[in-house]
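Chemist: Please assemble the complex out of the two chains, which come individually in their own frames, going by the hints.
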Amino acid sequence: MCDGIAVAKSEFSIELVERCGLASVLHDRGGEAEYRFLYRDRRPRLPVWRDGRIEIVRWGNGRGESRFLPRTGWTWLTTVEEGGWRNANAVPVDIPAAVILDKGVWIRVRQGIRGLVVPDERGVAVAYVVCEPAGHYYRVMTRNDRTPVLIGEKI
Amino acid sequence: MSHEGAPACGFKADWIRDRIGGRRLALALEIAATAEGLRAALENGGAIRKACAIGEDRACVGKIACGGKIACGGKNCAAGLTCSLVHATFLFMKSVELVGHIDADCFYVSAERVRDPFLAGKPVGVLGNQGACVIAKSYEMKRAGVGTGTPIWDAVARCPDGIYLKRDFRWYEVLSRKMLEVVREWSPRVEYYSIDEFFFSAVLTRERGTFQEIAEGIRDAIQERVGVPATVGLARSRTLAKLISDSAKPFGARVVADADAERELLADRPVTEITGISGRRETRLAAWGVRTCLDLALADRRLVRSLLTATGEALWWELNGDPVRSIEPRRPSHKALSRGGSLGGAASSDPVVIHAWLVRNLERLIEELRYHQVVTGRLTVWVSYRDGRSGVGQTDLAAPTDLFDRLLDSARPCLRSAWIRGAVATRMHLIAERLIPRSSRPLGLFDPPDDRARAIADLKERVNNRIGRFALRSAATLPLNGIYADSANGYDICDVRGKMCF
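Protein sequence lines correspond, in order, to chains A and B.
Note that this note's numbering numbers the first sequence so that position 105 is 268, with each residue one more than the last.
Note that this note's numbering numbers the second sequence so that position 173 is 1020, with each residue one more than the last.
Only chain B is shown next, with the shape it has when bound in the complex (with noise of 0.2 Å):
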């Protein structure tokens, strides 16, 4: 067996046996025969893991090693991959490359110290959108008691010396892509998860070291280069990736790779700290005993997707070293798009007032529809009242469109219907569903002309790009112009664009 096809994929027989020892050697080198093959399995490394993991049992990895075809269609065996090749490749990829995940230790509050090095070490709070909750604190103004939604005059009474600052999300941005762009440098697959986070894909190379010290270099490039603490830990899946990294802060980096260490990792960690359990799920959970993460990965499978759904089950995976989910280096389609948040220090019961809202929230609706270029089916609202109550309002679109007046004709209506007579609205969220590409759009056959209303949608446009967002509005927004002074209201956490989650 040659090993002249290793170094196109810039592995040696050597290096390998360094990093993987002799037990998977005969896989390694079986692989790294066939250069070409290796090359294309890690190319498809995600669909081959999808593949393994979307079986309803774990004997479909050995399904593919004894002749069965790949679920997602063969794409891989066409490369030129035996199934036995790629069996081994699935082996030999989880030798060699883990999930990372970096997350920005206190990212807002680190970003304003970064332009605002009077802040450093003390404690520091950022607020929301309205001022009336900190949404990132310090660690210096978490350990008075300080948490994230704690309203501002609590915060003061816990932290009296607290400085407290008002969010900017668009120098929050600036950071955040400087972190991705250091994180694209380290790794070829990279998921934008959230403004202060990201999932990569670790693979061991020759230049960047071991596993301990791809963290370790991730998380000190980005210190560097952008002023950021973060901290980093790398699994064999996203899940126990997050939980690695959630174990290490502020500014650590911490691999672990083995099965005994990720047990005694689960052990000490609630089952709440996995993300997308919580409320109900929690208490389903409890029920059966199921308090830790170590609880969670021990617990049957069956019971776990029973309980929790086939979301539930793809966590058991995870949290068991089977990575399910894969990396996405770029943001799949929309399913919805929506447009909303808290009223704030402007909600109201005044009907006007929040008309005004709902006018303002689709205005920005319109603005995501026509930056992704789809048209939506289906338009949803939903409000919330200070009293606890809520109402929901929602219509199908005769015919999909993004045009203002048509949309604001279809979400009057279900404003009525979300609407409670004298309850105060302290929350507003529209939602656009049925997306589909604008230029594939069904017209209707009734449906009049719309060449006018897309030329004052496109001039709209023009305008607002030009001389400032929001700067040509809707008249029925003149009641929030309080809202409107404040350029900082021009731009929020959702509207910066790529990320996975809000």
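Next comes chain A alone, as it looks inside the complex (with noise of 0.2 Å):
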């Protein structure tokens, strides 16, 4: 699973960070500064990358903003794979993560990992974090059965 993502601070537009707000969202690791998103945050936020260009959404549906969509933050990849969100206009994205957050355990990833964004009943854009079953090795670093879809690596 993931219960949260950190990424460095100069990957995001001054644009951006003002528009979203991000500031609160700072913070400082060995001196560099990175914005971190946390599932538990009391507005838990995600950035996706969306027609080309970066935008912060909504992670999941823990609060119950919607009714209609899954009271979790993940979705696991079979459950894409056999259409389970096809009738939801889900558009797969990509989660421009540095870090992953996973009970505690900070990882590093190169490429980022899978996401699924999808519209509300109010039309608010929505992000999942696309899971998959954790390999031996994740799974003794994590004690977590599930792990990220990761972009182009496998841990």
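Everything labelled a hint here was simulated from the structure, so no lab data went into it.
Computed from a prediction, not measured in an experiment: that's the story for all the values here.
Be careful, since some hints might not be right.
What the hints assert, rightly or not - Computed from the model, here is a short list of chain B residues facing chain A with C-beta under 10 Å:
{"no.": "1", "residue": "Glu959"}
{"no.": "2", "residue": "Ile999"}
{"no.": "3", "residue": "Leu1292"}
{"no.": "4", "residue": "Ala1332"}
{"no.": "5", "residue": "Asp1333"}
Cβ coordinates follow ideal geometry from the N, Cα and C atoms, glycine included.
Modeler: This is the structure we're talking about:
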């Protein structure tokens, strides 16, 4: 699974930062600033690549904002592949994560993770992190049997 | 006495005078007068030193000087050297040659940073084969209290902002061999000690400058061409050089070549910092008040030998500036080969799973036997368990072999001896000893012909070389499919060949 992600500060334009009010999620790690997006945040959000640019969208439906979407922040890859989201106008997206957080462990990812963006009944974009069963190494590392689908790599 | 012989070896009298001063000039010139002899002596420097060091007393060098034969068989005398010249050369070489030690700074983390600048300056930990323990950490993570071997859950508690990575020994080997290339450009004799450590002979030449310039030059060249920060230590012996590089980390370059400076360094360092001294040896030394490296250097040599055997005595000589352990540019033949390690998350008490690990380790061991073109006459299986117990099984083979079926037939009873019913096995090692070259293996009178088995082994090797390691493997390893599914498990630190130690 994935409890959060971090993205280097330099990845986002000033315009995006100001428009989305990202100053509150700015943190420092080793002297370098990064934006952290956590599922436990009061308003969980995720950056996604959409139409060639980064957008910040709501992460999941954990607080029940939508009556129709699943009340979670993740979806199985098999569900996506089997067409479980076909009738919801879902769009696959890349999530530009540099580091992911899983059960307290920050793990470096090279190219980001897979996600899915779906509109809720009010047309608000909602992102879900796409997951698959974790491999042996990832399971030992995080004690989690689910891993986000990483772009171009496996852990 | 002519100086004309000197240029053949790259030395000139003025240059020698500048470097080593007048005290030894006469000796140096005597040697330089016989260029051929000097060249031979330099080439055989290791042998001369060894000959001097293996003697029971230090008068050995004197014996050589007064006409005694060199213990290694008089090879150097045959090269045209008189014994007094050998003695002179020995002293001369101590003036113009030191032992260097290079140790990459937090190597695995530095290697990751070479290909991923995002990690620079951040607390980073590289996890081991099973993802359970930190095997390398950046200085930022070390400051937070995370040490090598710390379980990831403890590490996360101590350093919540730490970033963790999966190890990639293929990449680390690429950088390690690049470092080796750089060091070889600086030294005629380099020992590939481990994936991130090298010993080398540092010889004064006009082009390279002083010893300090050599140390800094190698360090900077590695940083520039490989991108990995390293620390270089130069001293009169390997043991001293290693202690010095340890003391100069990170990104240091330090030369300690005189006795006073050595003593100052040794006084500050606990004796456990010497490779090979810990646990029981530490306890034995502590009983005699030996706690620092200097205590050990100043202790009575015979006492050290009685406490730590000949290995300890060798350390004693080395600490006192007498190089006993020579630099080995080529790895000597293996006396034993072994494969195995932690079972990590696949630790189990299930006999089928434990047997699968046995087969996996055996297949890896056979790869190694075939690579080195040797067969084994003795097989040992060692298993340790979560409750602290361990078991061993050993068998001598009727005829040395490297064939899978025969080795497995021998390994199974060993595993039966090592197996403890109901206990969770956490580590396993297979050790092959009594190695002999495959070409000279003795054939048993009553052994069945092995043409078929050998053809299968050859085919298996060819398939795996072409398609990928473990593409063709025993079905007994099926319970470990999760391990095989991760390609990173197909290459381990012990698969990096040619190094002296693990």
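Chemist: All the hints need checking, so say for each whether the structure fits it.
Modeler: Hint check:
1. For B:Glu959, the interface hint holds, the least distance from its beta-carbon to any beta-carbon of chain A being 8 Å, beneath 10 Å.
2. For B:Ile999, the interface hint holds, the least distance from its beta-carbon to any beta-carbon of chain A being 6 Å, beneath 10 Å.
3. Given the 10 Å rule on beta carbons, the hint for B:Leu1292 is violated: about 47 Å separates it from the nearest Cβ of chain A.
4. Restraint check, B:Ala1332 versus chain A: the minimum CB separation of about 6 Å is within 10 Å; hint holds.
5. Because the closest C-beta pair between B:Asp1333 and chain A is about 6 Å apart, less than 10 Å, the hint holds.
In summary, the one numbered hint that this structure violates is 3.
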